[in-house]
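Trainee: I would like the entire structure built from these sequences, with the hints used as guidance.
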Amino acid sequence: MNMKRVYYEDVRFFTSGVVFFWFVALLLFLAAFPFLFKNYYVYVANYIAINVIVAIGLNILVGYTGQISLGHAGFFAIGAYGTLVLMTKAHLPFLVALPLSALVAALFGFLLGLPALRLEGPYLAIATLGFGMTVTQVIGRVGFFGGRQGLHAPELSIGPWNLSTDRDFYYLLITITILLTLAARNIIKTRVGRSFIAIRDADIAAETMGVNLVFYKTLSFALSAFYTGVAGGLYAFVLRYIEPEIFTLLRSIMFLSMVVVGGLGSIMGSVAGACLLSWMDLQLRNILNIPYLGEWLKTLSQSFFSITGVSNIQFILYGLIMILIMLFEPLGIFGIWIRTKKYWKMWPF
Amino acid sequence: MMKKGFLVFLTVAAMAFGFPFSAAAEEGVTDKEIHIGQWGPQTGPAAAWGSVARGTDAYFKMINADGGINGRQLIHHMFDDAYDPAKTVAGVKELQEGKGMFAWVSGVGTAPGLAVKDYLMNKKIPWVGPSAGSLHWITPPQKYLFAVYPLYEIEAKALVRYAVEKLGKKKIAIVYQNDDYGKNGVQGAAEELARLKMKLVAEVPVQLTDSDLKPHVMQLKTSEADAVLLWTSVKHAVMTIGTSAAMQFAPQFLSTSTCSDFPMMMSISKGLWKGVIAATFAELPDSKSPLMAKYKKDAFDKFAAKDERWGLFYYAGIVFSEPLVEGIKRCGKDLTREKFVSEMEKLKDFQGISGKISYKPFDANDPFSRQGQNQTTLLKCIEGGAAERLTDWMTIQ
Amino acid sequence: MLNFLQMIVNGMAAGSTYALMGLAMVIIYKTTEVPNFTQGEMALLSSYLTYMFLDQYGVPYHVVFPAALVFAFVLGCVLEFVVLRRAKEPNILGMIVITIGLEMILMGFVSWKFGADQKTMPFPITPYDSVVIGKVFISTLELLTMGMVLLLMTGLFVFLRYSKLGIAMKATQQNDVAARLMGIRTDRIRMATWGISSTVGCTAGLLISSIVMQPYMMWDPLLKGFAAAVMGGMTSLPGAVFGAYMLGIIENLFGGYISIEFKSVVAFAIIVLVLCVKPSGLFARHYVKKV
Amino acid sequence: MTFFEIRHLSISFGGLRALNDICFEVQKGEIFAIIGPNGAGKTTLFNCINGIYRPEEGEILFKDQQLERKRPDKVARLGIARTFQNIELFRHMNTMENIMLGRHNHLKTGLFHGAFMWGKRSFAGKEETKHRRRVEEIIDFLDLHAVRNQIVAALPYGVQKVVELARALATEPELLLLDEPCAGMNSEEKQDMIFWIKDIQDLLGITILLIEHDMNMVMDISDRILVINFGRTVTQGSPDMVQKHPEVIRAYLGEDMEVGSHP
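In order, the protein sequence lines correspond to chains A, B, C and D.
Going by numbering that gives the first Met the number 0, the letters in the first sequence line up with residues 0 to 348, in that order.
Going by numbering that gives the first Met the number 0, the letters in the second sequence line up with residues 0 to 396, in that order.
Going by numbering that gives the first Met the number 0, the letters in the third sequence line up with residues 0 to 290, in that order.
Going by numbering that gives the first Met the number 0, the letters in the fourth sequence line up with residues 0 to 262, in that order.
Just so you know, the hints here were simulated from the structure itself, not pulled from any lab data.
Just to be clear, a hint being listed does not mean it is correct.
Stated by the list, open to error - Straight line, CA to CA, 25 angstroms or less: simulated BS3-like cross-link-like pairs of lysine-lysine:
no., chain 1, residue 1, chain 2, residue 2
1, B, Lys359, B, Lys60
2, A, Lys188, D, Lys119
3, A, Lys297, C, Lys118
4, B, Lys269, C, Lys169
5, A, Lys297, B, Lys295
6, B, Lys273, B, Lys165
7, C, Lys118, B, Lys269
8, B, Lys305, C, Lys118
9, B, Lys165, B, Lys123
10, B, Lys332, B, Lys31
11, D, Lys197, D, Lys62
Quick caveat: nothing in here was measured; it's all calculated off a predicted structure.
Mentor: In structure tokens:
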């Protein structure tokens, strides 16, 4: 036994040189990404990055603290609308408006966390669902928020930099995403995150060890809402236009499936889940343009189904993938990753 | 200074990775082809509007079968955006930056359209006929955006005028979808009534998600309206009429062009639609107009899928792209975007299967320099879903 | 006063649909603890197929409707057998995601097969006829729906309490292992539960689709039914029905007297309030974990 | 000042009197055992002390502080830790993290410091390192090296019990409540556990309240014993005294008396 332990190794980020290498490689790739691919893919990357932030935030709540939320589109909306309203009506700079509106989202998260203290399972699901729908409907009906006409994002510039193109915005977005990912990972590894997990695994034991349930559960809601709020604020600038119908129950469900498919209680899982599902969400519309397969599907629809509804195949695929992952790997993509890693470690035995 | 270096770097990188910097002619135009893009929801809650894009597709195929325009074939790229602006933006960027579209046509929905409007306008890409009658397209007017769909206000005004002046109705109420579409209707109706020194007796908002319209009908009933405008989706229009019938409330119902597909409305409402008056922006499905007959025969019968229906939404796809085709035709062999815009501006009383369409030279202060159609016509639903024409094309400013 | 009475009746009429969906949710949750988001789409598929046989093949009502209920039962059983039973380590989140996935598949299938155009189900009675009691109107379709709710609720209640299968279902819910040791084939019980629930949902679907049919028609009734079930305690059949009628009436009164714009949201606001006071709904005892 | 005292404690659940007028005192540094048949109310007593249940009547005094209206986390803050009858570990954490959670009240890292744990010289980094050193001492003490980095759900039952003990020790309690620490252990593990409990008393000077069914062990290590049955005190006193009490003999040593004949 090595008696001179460096205890920091348990919590440090780069557990080995290999990890460090891949991290740097990833950073380099992300930095070079806009130059390697067309602008359209930069937009897709931006869209994915937004979902990554939400998925991580939601995983803090769902995966680590063990609460259900079907209302995160509400926080997303609060972040988006907050940022735009603060910028256009109060003339605050972006870098002030974004965290401010995320804090507003966090405040709402805290408020939603209060009734959630006593709720679980389907009861919590319906309460959060109600919250999400209420936010959307209220925003849609208040003229101040542009009603159903939505709001356009103003020109965005930070200091001397004008971030008007997808590419410019990409760098800002990706930086924020990486920082938030690392921050989430650090929070989970330290006292607050441990308390979250403790609450999930055995809440009464956690309480008798000194964890304040009220505080940490609401904190988890608030933190999760904060992440989602930041993502919402950024999303307003990815799309450059927001309207209430963007923030529907369907989006909340999509967020939740990203987290569950990616792997509950795993940051990397959230990233993977968000990448996979949001990429599919954008790309499945092209399914009929795939050579041969698309033609075959069209013929199939002509003879057995209806050609007018053929695009709905994307729903079938989407649902199928969700179910298959859940049935065969309850830990999601993260579980698959762990298993593959084990397999290669043991190889060739 | 930094910015410049960055740009140089970008250019070099772009060239290194082989970006298509179009040197020849105009983007999306070759000797043989013209690429036109379009989005439309084939899935999701608004999927019923998906037939607009399919109508355009059949129309383009018909033109190509007839030899194309000035020797060029129209290549139609349409994609499904599920009415989700994020997907609209994705699809537009992918097609525009990938294949390169010469212009965009139609495109269903206010929200998806607004999400891509700035992008298209900044790139100076023409966009003809957004399929939603919204003021957003023309306030402020955009040089490259040509609206076709008559404003919902115009329809509201025409309907109110008819109800008051021809039918002698005294109390007009409105049921409206609580969004842009509905509110434009309320505004139009209110303006017209103000002109006639009257007021709406009830304004009842309906939410897209409502599945029970009894409270709404009760409000109408309490207001004792004798004419009710329906500014809702098809589903809610049918539910309003049905619930009214069940509650033995029978005013004259008047609806927007959204619900002017009478055969469909008759079948969904189980016959209750009979007697409803609707405004519309195009010829009727069974119209005797030769152009309409040609479209039915050469576009629909030849190119539509077997389960497609020759309904309003379908040939709306033709209505919205007629001006585009006309504009391209007038450009002749030398097709550029600038020339296209100037030719479009010269359109005067152009009539396809809709009302007359005219544009004016671009004037940032005149929204109507980019609003093509200002005409509407009123129809009454009679037995069997057929329509009786009540008015000729009316022009309302 | 007349208006008030009318609103109450309207509320009950609206509540009846929610009640049917709520009942269907409760039956499954009672035995398997799955909040079934597929419920609506199971009914959707059954309704659309019914429509197909009625409208395109002209099969008469008295054949099609019973056949639809049988189909719904089989569909429920098949989904349970093929999908839900395969779930490893089921937890509530995983189940939610699986049922949502199923929901997407069924919805995709229906839209693919039938397109997105609005349709309407041919129905033996006109949904727009009404009965006048005093001066209060109620449509015949709604009377039928209310009747179905009462019938199904009492039927299910008696069935669960007195029939052998019903008692076995209860046993399965309370202690799966013990039930199995007593010779109950809990797998089959679960399957039957899904079947029964799907049949109840199908009834709701058929009634709704006599007005307007489109692929999204079951979303709102499903959510409201779910909300009603939660309000009633998620495990109680009368609770779900009571919750549904409460929701319908509150919605209508709110729409009539306060704000018609926020009518559809008020249901959820009330749910949250109720849950703040009674965390397990109105009719269920709050369960406290023991250490 | 008494170290720990319970006065006239009563609680009932739905008409059933689970605890009825329980009184006892615990001196600093002693091992005080509570015995009684299943369902006597021992765990309920612990739950009352912990703040999980609110007693209806009576007082719980710890170093002159009233506990009966305090939340569990406040009680923990005062220096009372416990283990559970049916293991309540954080199943998906490893041993080290489980014990680290015991350090919760001694750590200061909040959201902000946690998020900015960049490197070992940051606030959170330093704190984590420091406290892991403390945890390592406990791991040494209870001989848990082998399972240091294993997820606890996968550990054998006996080891899980030890981890629970370690977690409780990590809070640096003054009073430690052990709820059947030896239940389900084999004799070897039991020996270890007895050894550790004594060490905790002798070396760390922690007062221990113990619930246990193993009479030999209880008689062996306890300083004083409280016997309860049906929520009432039967007797209390030194092991020798308790052993001679007729009702205890009846309950534990199995004289020819029916269980049902209790008043």
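Trainee: For every hint, state whether the structure bears it out.
Mentor: To see whether the hints hold, each was checked on the structure:
1. Taking the CA atoms of lysine 359 of chain B and lysine 60 of chain B, the gap is near 30 angstroms; set against the 25 angstroms cutoff, the hint is violated.
2. A hinted pair counts as satisfied when its Cα atoms are at most 25 angstroms apart, and lysine 188 of chain A with lysine 119 of chain D qualifies at roughly 13 angstroms.
3. Under the criterion of a C-alpha separation no larger than 25 angstroms, the hint pairing lysine 297 of chain A with lysine 118 of chain C is consistent with the structure, at around 23 angstroms.
4. Our distance criterion of 25 angstroms between C-alpha atoms is broken by lysine 269 of chain B and lysine 169 of chain C, whose separation comes to about 44 angstroms.
5. Restraint check: the Cα-Cα separation between lysine 297 of chain A and lysine 295 of chain B comes to about 23 angstroms, which is no more than 25 angstroms; the hinted pair holds.
6. Between lysine 273 of chain B and lysine 165 of chain B, the direct Cα distance comes to roughly 19 angstroms. Compliance with the 25 angstroms bound is thereby established for this hinted pair.
7. With a CA separation close to 10 angstroms, the supplied pair lysine 118 of chain C and lysine 269 of chain B stays within the 25 angstroms bound.
8. Straight-line distance between C-alpha atoms of lysine 305 of chain B and lysine 118 of chain C comes to about 18 angstroms, which keeps the hinted pair within the 25 angstroms bound.
9. Straight-line distance between C-alpha atoms of lysine 165 of chain B and lysine 123 of chain B comes to about 46 angstroms, which puts the hinted pair past the 25 angstroms bound.
10. Restraint check for lysine 332 of chain B and lysine 31 of chain B: satisfied, since their Cα atoms lie roughly 11 angstroms apart, inside the 25 angstroms limit.
11. For the hint pairing lysine 197 of chain D with lysine 62 of chain D, the CA-to-CA distance comes to about 23 angstroms; that is within 25 angstroms, so the pair holds.
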